[in-house]
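Residues per chain are reported as follows:
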Amino acid sequence: MNHGTALLWKRRALSSLSATRRGLPKEKMTENGMMSRAKVLTIDTINPTVKKVEYAVRGPIVQRAVELERELSQGMKKPFAEVIKANIGDAHAMGQQPITFFRQVLALCSYPELLSDNTFPEDAKSRACRILQSCGGHSMGAYSASQGIDSVREDVARYIERRDGGVPCDPDDIYLTTGASDGIVTMLKLLVCGEGASRTGVMISIPQYPLYSAALAELGAVQINYYLNEEKCWSLDIPELQRALDEARQYCNPRALCIINPGNPTGQVQSRKCIEDVIQFAAKERLFLMADEVYQDNVYADGCQFHSFKKVLFEMGPEYSDTVELASFHSTSKCYMGECGFRGGYMELINMDDEVKAQLTKLVSVRLCPPVPGQALMDLVVNPPQPGEPSYDNFIKERTATLSALAEKAKLTEQVLNTVQGISCNPVQGAMYSFPRITIPEKAVKEATEKGQQPDMFYCMKMLEETGICLVPGSGFGQKDGTYHFRMTILPPSDKLKILLDKVKEFHQKFTQQYS
Amino acid sequence: YFQISLQCAVNGVPCRGKVLTVDNMNPNVKRVEYAVRGPIVQRAVQIEKELREGVKKPFTEVIKANIGDAHAMGQKPITFLRQVLALCSYPELLEDNKFPEDAKKRAQRILGACGGHSIGAYSASQGIECVRQDVARYIEKRDGGIPSNPDNIYLSTGASDAIVTMLKLLVCGEGRDRTGVMISIPQYPLYSAALADLGAVQISYYLDEEKCWSLDVAELRRALNAARQHCNPRVLCIINPGNPTGQVQSRQCIEDVIRFAKEEHLFLMADEVYQDNVYAEGCKFHSFKKVLFEMGPEYSSTVEMASFHSTSKCYMGECGFRGGYMEVINMDPEVKTQLTKLVSVRLCPPVPGQALLDLVVNPPQPDEPSYITFMKERTAVLSALAEKARLTEQTFNAVPGITCNPVQGAMYTFPRITLPEKAIDKAKEEGKVPDMYYCMRLLEEEGICLVPGSGFGQREGTFHFRMTILPPTEKLKVVLQKIRDFHVRFTQEFS
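Just so you know, the protein sequences line up as chains A and B, in that order.
Under this note's numbering, think of the first position of the first sequence as 1, with each following residue one higher.
Under this note's numbering, think of the first position of the second sequence as 1, with each following residue one higher.
It should be emphasised that the hints constitute simulated quantities derived from the structure, not laboratory data.
We put the beta carbon where it would ideally sit given N, CA and C, even for glycine.
One or more hints might be untrue.
Some chain B residues close to chain A (C-beta under 10 Å, calculated; not the full set) [claimed, not checked]:
1) Glu33
2) Val84
3) Ile185
4) Phe293
5) Gly296
6) Ser300
7) Ser344
8) Ala423
9) Ser454
10) Val478
11) Gln481
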């Protein structure tokens, strides 16, 4: 036997021998005589926590909606001419126009040759120059510092100070992020540790924005649900927080409390008193507070006002402001900008341990930096045109138009839905959604259960197939047992929204009739 | 405070100290290291601050040759790409005569694919459909016609995002069944960082420095067999062209790796972000996918693979846009569903980065107005890099105590440095790894920031540093000379 053959035999022998010994899946002969083996990566060998992740906002109902859109574009006949995606807080997709000033600056930053173009106002040019100067090689194409461009973080700090009536903000506590989601996930990652009964527990509101439940599932953290009070306009109740916490202490180590204000999906704007109570609770129970404030400019209802957690914290005096650990999150995706696609955001950290901060800084460095266009955009959001600047009037006009349109649509939505028997809708005090409660007839609940579907998913799927309107069932956000809801955005243009609301009303009546 | 502490006592909750400390934070995060932006870079940034404040130094500027950031080092963006991005950002410019027709057309196509015709809308989580189609066509062109299904393309926030996502999917098991992932030593430390974060087992296989950092299947086998005793190896990662080592693997090598992955039932991850950065004569980029398919159905219909690309490198250097994609091959459909679900939680990759990627895979064609300038700019960037690669190798190899393998591709040199015994002792005294000590001295004395080889991994007892070849040629010459002088001085000092 020659050397080559010997080697070949040896390799084959080793290969098949050690395959079994190594516990590799055995080769099997398939029907067509081909040797096949199970894949390396299968549903059984995938990361188990990934399987537990759900994200309803882009879940099964949206996949069906996309399929329907495809069918429509292929000429298939449907009871509707278009699919209306009222499932996601995407303002531009629903026709909202970008703020002119922002896009001018971004164009200038992308292609600085335009700085010599007369069609651009001076204030846009000077913002662009400032941003570019802070970029490596004066280009948005350079990586920035991992914590974000220095001058942008300084501008964010000044914005926060102005917003909070002068409460100081250190730019070093600001981390720019890839949307607020990125910052939220990073913070949760830092917080999660322990095993079994000492595994980190994180308190989240029910209903909640399902990024939170998804992140907790992925991290293998324990989700601790506290229920918002639907009867009281989705307000937060300290005894309920206490109940949830005390119960959770039996099987996990609760360490964080998340709150979304203004709320998603519920749209409530918490009172100042409520925010104080939450801070006190967090201090007493030693919880890290995570305040998701991405809708801070989206406040519509009379008597409601956005109170930043940080501001309230500091107004409660050093006993709290020196001790309570808080992260607050903001984004370029909502408010009046609606610039979701840019993935701009930041978080401010208050009273974070220095060593933990060093770990955080190290962690974010692995991903190099957040997208620079998003950082530039954030800079403009926190540093918009000022009175006296050429772009000011137009800017305010556009901003006001967007926010007042949203306020009007919030009111309209609440009004129309409340005229429907079997739908009751809390005031949309803020944010971009309505989360009405729907009564689903017993027969429908039964049919849904038989189909293996959540009743409100069953309801929403039917609505989608019959009207082309895509909403997200309340089960995707969480709700009290035995109650059903859906989340609908208030983003379509007013006249389209009116039609939408009428169709929802019509569908609900038909559905109730059908299953009576 | 009394109230709070009383309550804490009642609850049995520790009262002193913060809620979140180094002792009760996620332990995996503590294990993460990322040398490319690690301690030496933090010191460099500090020194820059000191310089700005007027502190006197032996140098007037800090040269950050630690990171593959071309624009930061003066490389110019490609005009066409930036024109289209400007048009997408502010579509009013579509009326502007200054912009060429082909740029306008591209912008309109991209905007037409965006919600509300705005790059401010979220895109589909897998990425804008027409961009994925363009990526698939690019791959087909690149790979001589081998079909690419747009549905196997996932746009991502830089290649790093997709790499981490894939690793996340792959990691499972406990103890001896914990997933093991093979990575090259030296490697780009995103991999080691991600594995630490995920609590996966890192399986190191050594590239062969004597043979120009080539990959040796025997070494793969050694590493794998050793690893099988304490974990469940499931993945093999390879970076080609290599980072930090710059080698461009031969076609034979790529075939061998594919064969090995099949035999040993490993998921292959091919990091190909430097695919346009090939300089050395006789070297050529061979895409893993192309080789896989040319090996016939026995391989092409079975080997599970993900390949990664980015807008950050090559001739574009658009790091800040965080554009990238991965192509998955032979992925189980149920797993793919899970992947699609996972990426939906983060909504979508940055749309400007997606737009940029579209232009990268769909650049000006010979009959289009922007073609000539585009080719001129692209060629200039790539030939400058090739020249700087050669210059770097030559200069370093002329220094006693520095040996530099040819920089066949990518953007870095990873020369081996001889450190005198006394220097190693001094480093130990200061509690520093020897090549970190060396690089810190270089930084303090010359203002040049490199990354020590220990940040990438190297054979025990050897020392290296990684330097980018990105500074403009004239500046690079000066940097090389300063390093040469420093090395001589350093060797002298510790002789």
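So, going through the hints one by one against the coordinates:
{"no.": "1", "hint": "Glu33", "verdict": "8 Å, holds"}
{"no.": "2", "hint": "Val84", "verdict": "9 Å, holds"}
{"no.": "3", "hint": "Ile185", "verdict": "18 Å, violated"}
{"no.": "4", "hint": "Phe293", "verdict": "17 Å, violated"}
{"no.": "5", "hint": "Gly296", "verdict": "13 Å, violated"}
{"no.": "6", "hint": "Ser300", "verdict": "13 Å, violated"}
{"no.": "7", "hint": "Ser344", "verdict": "4 Å, holds"}
{"no.": "8", "hint": "Ala423", "verdict": "27 Å, violated"}
{"no.": "9", "hint": "Ser454", "verdict": "16 Å, violated"}
{"no.": "10", "hint": "Val478", "verdict": "18 Å, violated"}
{"no.": "11", "hint": "Gln481", "verdict": "23 Å, violated"}
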